[in-house]
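Participant: Line order of the protein sequences matches chains R and S.
Just so we're aligned: 197 in this note's numbering is position 197 of the first sequence, and the numbers increase by one with no gaps anywhere.
Just so we're aligned: 270 in this note's numbering is position 270 of the second sequence, and the numbers increase by one with no gaps anywhere.
What the hints contain is simulated information worked out from the structure, not anything from laboratory work.
All residues carry an ideal CB built from backbone N, CA and C; glycine is no exception.
Some hints here could point you the wrong way.
Unchecked claim - A few chain R positions that, by computed beta-carbon distances, are all more than 12 Å from chain S:
no., residue
1, 38
2, 41
3, 51
4, 67
5, 69
6, 103
7, 107
8, 124
9, 146
10, 198
11, 201
12, 202
13, 258
14, 267
15, 296
Stated by the list, open to error - Quick look at which bits of chain S chain R covers, simulated, 3 or more residues with Cβ under 8 Å:
no., segment
16, 44-53
17, 68-81
18, 142-152
19, 197-206
20, 273-285
21, 373-379
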Amino acid sequence: MRSRNLLTSLVGAVLALGIMSTPDARAQYPEKPITMIIPLGAGGSHDRNARVFTSVVPDILGQPIIVKLMPGASGQTGTAAAATAKADGYTLLFTHNYFDQLQKHVKKLPYDTDKAFVTVGSINSGEFSVIVRADSPFKKWQDLVDYAKANPGKLKFAHSGNWGATHSPALQLFTEAGIADKVVMVPYKGGGPSLRGFLAGEADFTFQFISTILAQGDKVRVLISAGTKSAFPGVPTFKDLGYSADIGKMYRVIMAPRDIPADRLAKLQEALIKLQEHKTYQRLIKAIGEKQEYINGPEYEKMRPMQSAAYEKMIEGLKKK
Amino acid sequence: MFEAFLAGFSILFNPETVFMTFLLMAAGLFLGMFVGALPGFTTLMALAILLPISFFIHPLLGIPFLLGVYKGGIYGGSIPAILVSMPGTGAAVATTFDGPALTKKGQARKALEIALFASVTGDLTSDIVTIALIGPIAAVALLMGPPELCAVLFMSLIVIAGTSSGVFVKGLLMLAVGLFLGMIGQDPIGALSRFSFGIAEIEAGIPLLPMLIGLFALPEIFVSIEKKASQIIQAKDLKVSGARLTWAEFRSCGRTIARSTGIGTLIGVIPGVGQVVAAFMGYAAAKSASKTPEKFGTGELEGVAAAEAANNAVNGPTLVPLLTLGIPGDNLTVILVGAFIAHGLRPGPQLMEQQGPLVFAILIAMVLANILFIFIGYLCIPMFAKVVTVRKSLLLPLTLIFAFAGTWVFRSNPYDLAILVIFGAFGYMARKLHFNVTPLAMGFILGPPMEYAFGQTVTLAQGAIFNYIVFERPIAAVFVAATPIITYLIWRRSVRLRQQFGTTD
């Protein structure tokens, strides 16, 4: 098993380098490697999750999925490429809910995500929790909210870039807590730099993934934990404090061009469901500190309009101020 | 700490795995060098593609393998820069000043060898410094925030514009053009479109790689075509690939390499500045310390050594924030994070405490990778150097094909080819008018991160920017204060040189 996976990933690597291609005689879909566009940069959590499942997928589909990173223009470059690709099931998009449903409310896009894409499935979600440094005077989330209300403009929040994966959920949380116009939002170039800024004291609090927080040990304190069950003992979740439960949840979603033949879409969905039972996948996904929370296409499709409505309301609220 | 270091040694030299560790590291170095040398392929792409391999093997096999790809790739980028003036990354631009000139003199092999030895020396020294000073480096890295980054980038741009060959004012003009080109697309903070005139292709900005190949490689080809065949060195006059580097030549570059290593290591400590700036600062420092600065740019071994030692010396300290704070220092180290966490090792303060020996084992492997690379690189150089022994009438069209093919494989976008041609024509004209395109490339590369850092600084200062810099960010204040002084010194120097030699070209 081990060596076979090593082999498949090696083969995938060689293929992706374009040095060789494997001719395959089977006429059934997929008969050649599938390209999956990630509209984000190398090394991010999307890239990492994709590396895990694409190293197992050839066992199930019989063909590799080749990751193509196309960052730029806050996800627009890659998303536009996927939107204009042939809907033959050989080009997929690996994106998240903020690119998919929030971005359209803040800027004019050269595509309509609802018309352009249909969900294959959501692999899992990244969950953000609110942290302060260990020496911070704020012991509870409410302390921070009270202080922010009494001292507008005093608190700084470090995030990973405007309308990015931590900025959007943070705005959602601050809007619900009534402090959206009282906190200074400091952008950083990605999650790593925002963590540096936060640790260096440039900002008072930030959002981070659970796995990153665990690596910081006792240097930080968690005020709110994402998820339905708190990942940190004694720390309330968003839901516990009465906020929308899916705040801070970044769904990692595989989508396909909307006109993909139904049988091909079904085949991909079937493969992703089978993937969840795959032993190597289970081991690897745990190793990289992620969860298995697969949501199949049809169910995720129902969530998209609701997300859109929630984000629209939030943005309207922000504009009024 | 010292016990952990010793324990690291014994983990690394475990007789069962040590052979495989070094074998994989050697494979990584070779693969990295090869991929780095191919125009259009980047080390970043290679690392991302090879990452999954590390999921399935022991961390002490997988991580040294990836480190090998990383180190090999950074050196590999200098190969096309030296041979055909084709920089695959911003970091290799400084190598195109003297590398291709050496190649034209028939000293391609010498140039590749000095690049190798300078790279390895710079890297090795900075890795050792990193291991010795891992704690203090981490503390300093934390102090270097957006204001410091912005100040350092601004100062670097002035130094680069000022020390590139040609008239100072012309350099500044090209810098301004580069900064403007860097603004095309979306503004770094608010992601609003500017100067893109609704053209969807440049919404994401002008792509760097086609632009660099266009600016540096195409004019080189055009200029060569202009010359009559007789004026170009006949291939058969050269020995297989030119003479080898002598020990005396390496020794004569010793001071330069040491200086560049120091500069590169310091720059590596500041997160977000990186190899591009290091290479230029190393080059600029070597040029101004030299007794014969006018020789720089005409095929000076020291020029190649200065750039290569400095950009590789960045590697060591870049890993520090990752291992000690859990913050990756650049795009390449971000990928290494994946290799760590796939084995349940979460880079951060906890990692050092809980897995100190393993971290040290990896760091020691990194040091030894350099030594391994001397041999691998040395054996491969003749193979690469042979490229220039191809007849000029074949080499020029081949280089042209490589320029287009490299641009195409980068991301298979036909529009990139247009960028290549436009910047090729621009570069050629600039050359005819004695404008140096280097400040343009640097303004383009460093402008956006500088603008971002400036935007962050303004946000952090909340309007009171002067007070913020002076009272809360003394390090940034020092850089800001030093900039006009350095500018004046460079200007005075450029005037003096012109009086001495008539021209600084």
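Participant: Taking the hints in turn, state whether each one holds.
Facilitator: Comparing the hints with the structure gives:
1. With 12 Å as the threshold on Cβ separation, the claim that residue 38/R sits away from chain S is violated: the shortest Cβ distance comes to roughly 10 Å.
2. In this structure residue 41/R is not separated from chain S by more than 12 Å, as the shortest Cβ-Cβ distance comes to only about 7 Å.
3. The Cβ of residue 51/R does not lie farther than 12 Å from every Cβ of chain S; its closest approach is about 5 Å, which violates its non-interface assignment.
4. A beta-carbon of chain S is positioned within 12 Å of the beta-carbon of residue 67/R; the least distance is around 7 Å.
5. Listed as a non-interface residue, residue 69/R fails to keep its Cβ farther than 12 Å from every Cβ of chain S; the least gap is roughly 7 Å.
6. The Cβ of residue 103/R does not lie farther than 12 Å from every Cβ of chain S; its closest approach is about 9 Å, which violates its non-interface assignment.
7. Listed as outside the interface, residue 107/R is inconsistent with that label: its C-beta sits roughly 7 Å from the nearest C-beta of chain S, within the 12 Å cut-off.
8. For residue 124/R, the requirement that its beta carbon stay farther than 12 Å from each beta carbon of chain S is met, with the minimum near 15 Å.
9. No beta-carbon of chain S comes within 12 Å of the beta-carbon of residue 146/R; the shortest separation is about 21 Å.
10. Distance check on residue 198/R: its Cβ comes as close as 10 Å (rounded) to a Cβ of chain S, failing to clear the 12 Å threshold; non-interface status is violated.
11. A beta-carbon of chain S comes within 12 Å of the beta-carbon of residue 201/R; the shortest separation is about 9 Å.
12. With a least beta-carbon separation of about 5 Å from chain S, residue 202/R fails to lie farther than 12 Å from that chain, contradicting its non-interface assignment.
13. Even its closest Cβ contact with chain S, about 20 Å, leaves residue 258/R beyond 12 Å, as expected for a residue assigned away from the interface.
14. Separation of residue 267/R from chain S is adequate, the least Cβ-Cβ distance of about 23 Å exceeding the 12 Å criterion.
15. Interface exclusion of residue 296/R from chain S stands, the closest Cβ pair being 25 Å apart, more than 12 Å.
16. Taking a C-beta to C-beta cut-off of 8 Å, the segment 44-53 of chain S contributes 10 residues in contact with chain R, enough for the three needed, and the coverage statement holds.
17. With a threshold of 8 Å between beta carbons, the proposed coverage of the segment 68-81 of chain S by chain R is violated, since 0 of its residues qualify and at least three are required.
18. With 4 residues having a Cβ less than 8 Å from any Cβ of chain R, the segment 142-152 of chain S passes the three-residue criterion, so the hint holds.
19. Requiring three or more residues with a Cβ within less than 8 Å of a Cβ of chain R, the coverage given for the segment 197-206 of chain S holds, as 4 such residues are present.
20. With 0 residues having a beta carbon nearer than 8 Å to a beta carbon of chain R, the segment 273-285 of chain S misses the requirement of three or more and the stated coverage is violated.
21. Check result for the segment 373-379 of chain S against chain R: violated, 0 residues qualifying (beta carbon to beta carbon below 8 Å, three or more required).
In the structure shown, a violation is registered for the earlier hints numbered 1, 2, 3, 4, 5, 6, 7, 10, 11, 12, 17, 20, 21, in ascending order.
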